[in-house]
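Chains A and B, in that order, are what the protein sequence lines are.
All the letters of the first sequence, read from the start, carry residue numbers 0 to 240 under numbering that gives the first Met the number 0.
All the letters of the second sequence, read from the start, carry residue numbers 0 to 240 under numbering that gives the first Met the number 0.
One should not assume that every hint holds.
Said to hold, decoys possible - Derived CB-CB ranges, DEER-like: (1) B:ARG234 - A:ILE235: 47 to 55 Å; (2) B:ARG37 - A:PRO79: 20 to 28 Å; (3) B:GLY148 - A:SER96: 18 to 26 Å.
To be verified - So these bits of chain A aren't anywhere near chain B, every CB distance computed over 12 Å: (4) GLY34; (5) ASP78; (6) GLU80; (7) ARG84; (8) ALA88; (9) ALA93; (10) LEU174; (11) ASN197; (12) MET198; (13) ALA199; (14) SER201; (15) ALA204; (16) ARG236.
By construction, these hints were calculated from the structure, which means they are not laboratory data.
Here the structure is a predicted model, which is why all the values come from computation and not from measurement.
Don't be surprised by glycine CBs; every beta carbon is placed ideally from N, CA and C.
Number of protein chains: 2
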Amino acid sequence: MGEPGSLSPVTTTGGPGREEAPLRRPPQLAVLVEGGDRKGLLHDMTAAILRHGGDILSVEIVERGVRSAVYWELDAVRDPESLERAFLAIDVVASVSRLPSMFQVYGKRIIVVGAGAQVGQVAIGAIGEADRHNIRGEKISVDTIPVVGEENLANAARAVARLPRAVALVLAGSLMGGEVTEAVDQVRARGILVVSLNMAGSVPAHADLVVTDPVQAGVMTVMAVASTARFDIERIRGRRF
Amino acid sequence: MGEPGSLSPVTTTGGPGREEAPLRRPPQLAVLVEGGDRKGLLHDMTAAILRHGGDILSVEIVERGVRSAVYWELDAVRDPESLERAFLAIDVVASVSRLPSMFQVYGKRIIVVGAGAQVGQVAIGAIGEADRHNIRGEKISVDTIPVVGEENLANAARAVARLPRAVALVLAGSLMGGEVTEAVDQVRARGILVVSLNMAGSVPAHADLVVTDPVQAGVMTVMAVASTARFDIERIRGRRF
Numbered sequence: 000m001g002e003p004g005s006l007s008p009v010t011t012t013g014g015p016g017r018e019e020a021p022l023r024r025p026p027q028l029a030v031l032v033e034g035g036d037r038k039g040l041l042h043d044m045t046a047a048i049l050r051h052g053g054d055i056l057s058v059e060i061v062e063r064g065v066r067s068a069v070y071w072e073l074d075a076v077r078d079p080e081s082l083e084r085a086f087l088a089i090d091v092v093a094s095v096s097r098l099p100s101m102f103q104v105y106g107k108r109i110i111v112v113g114a115g116a117q118v119g120q121v122a123i124g125a126i127g128e129a130d131r132h133n134i135r136g137e138k139i140s141v142d143t144i145p146v147v148g149e150e151n152l153a154n155a156a157r158a159v160a161r162l163p164r165a166v167a168l169v170l171a172g173s174l175m176g177g178e179v180t181e182a183v184d185q186v187r188a189r190g191i192l193v194v195s196l197n198m199a200g201s202v203p204a205h206a207d208l209v210v211t212d213p214v215q216a217g218v219m220t221v222m223a224v225a226s227t228a229r230f231d232i233e234r235i236r237g238r239r240f
Numbered sequence: 000m001g002e003p004g005s006l007s008p009v010t011t012t013g014g015p016g017r018e019e020a021p022l023r024r025p026p027q028l029a030v031l032v033e034g035g036d037r038k039g040l041l042h043d044m045t046a047a048i049l050r051h052g053g054d055i056l057s058v059e060i061v062e063r064g065v066r067s068a069v070y071w072e073l074d075a076v077r078d079p080e081s082l083e084r085a086f087l088a089i090d091v092v093a094s095v096s097r098l099p100s101m102f103q104v105y106g107k108r109i110i111v112v113g114a115g116a117q118v119g120q121v122a123i124g125a126i127g128e129a130d131r132h133n134i135r136g137e138k139i140s141v142d143t144i145p146v147v148g149e150e151n152l153a154n155a156a157r158a159v160a161r162l163p164r165a166v167a168l169v170l171a172g173s174l175m176g177g178e179v180t181e182a183v184d185q186v187r188a189r190g191i192l193v194v195s196l197n198m199a200g201s202v203p204a205h206a207d208l209v210v211t212d213p214v215q216a217g218v219m220t221v222m223a224v225a226s227t228a229r230f231d232i233e234r235i236r237g238r239r240f
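Just chain A, same shape as in the assembly:
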């Protein structure tokens, strides 16, 4: 589990025609706004954010109904204290608290999708390696779902592009192709690194990297995305291990 190779992490070395995926750094401001609830509350909050020049990166409705709790991640807010006062000036809002952002707490996410047996082994490798990097100041999460069937797999692969902080996808199974391969092409075009186990079907030929041993696949994926690792995906893209 050493760190050979050189230099830059994968997120700064996307190949030609690939976009940098968004939200791979901490936002300027992460706030939880709590109080009562009513129709139009979120619209009033976006109005306050707009008046302060803010860019909305993410919104999570933590609680709604009788009470409300809305978690915002924002950038480019001109005067954060003034925005907090503007939130508090909304009739039903009772409190505003600054929180560590999800990026600070959970960091980059590696998503492992496939069959239970292989997903578990990839997770073991990725979690063990993420532990070593997280101790040195990285933050890497390893998120998994065991699913069955081409449509479920393709949906799980495709939706990685919509998951906040996702940087890599590992496909862990014995046979994947068709719609799953289309999903691989789509998420790679969004700047997500795709690692495939050595398996039947057309997915391996479309992945950035093919790794036979699932534990090694988990370890290598973490190394490729960790800024604490010296491992350049460009030097090994397209190879099989």
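Position chain B against the provided structure of chain A, taking the given hints into account.
Structure of chain B alone, referenced to chain A:
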């Protein structure tokens, strides 16, 4: 890995004084709105949603800058086709696509937090058991982060309440107390099931369930949250295995 006990999954049996956590079911509408980007775009979209009576459950900014891609999960929209037309009527919006919701794709989330060695073993148990339930129509994800230090652990535990679709937290380490125990009380009050390994510190005494073997802890947590399992957390709450 059988399913003993009886009846209802944990999410319907929260004890006295505990809230039902939100967003544990599919939203009415999940749409991706794509096009150009500019200041105020999100505010214009929330105005359209408000005019259609919609409740915003979640917003993810998938892409921004030159192009924009905003993923909405909504409820209570009176006329979804009319809302789609209203989105398309915004100057920079080019396309609106309905997508499977994150709940349909990744389902309920179990979050495993702690030290790499134990987190990996809990993941093995949880992923293996989730595989069995997902084959029968459930959707359960197992999301993990290996972290070190009381503050990091407490932040990771506390933020589970802000994670979409999170239903359970497993604390997997050798010693946890102090701030982490406060975080356990806070997330339990939000309706999150907390399972602890048998470890030193005050966390086990505050958890819903204490399990010595990490693989078994992962399996039991999945059984407790799976609607395909017959396992009633109320019958074993506070016990140690």
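Do the hints match the structure? See the list:
no., hint, in the structure
1, B:ARG234 - A:ILE235: 47 to 55 Å, "52 Å, holds"
2, B:ARG37 - A:PRO79: 20 to 28 Å, "22 Å, holds"
3, B:GLY148 - A:SER96: 18 to 26 Å, "22 Å, holds"
4, GLY34, "15 Å, holds"
5, ASP78, "16 Å, holds"
6, GLU80, "21 Å, holds"
7, ARG84, "19 Å, holds"
8, ALA88, "17 Å, holds"
9, ALA93, "16 Å, holds"
10, LEU174, "16 Å, holds"
11, ASN197, "20 Å, holds"
12, MET198, "17 Å, holds"
13, ALA199, "19 Å, holds"
14, SER201, "22 Å, holds"
15, ALA204, "25 Å, holds"
16, ARG236, "23 Å, holds"
In this structure, none of the earlier numbered hints is contradicted; all agree with it.
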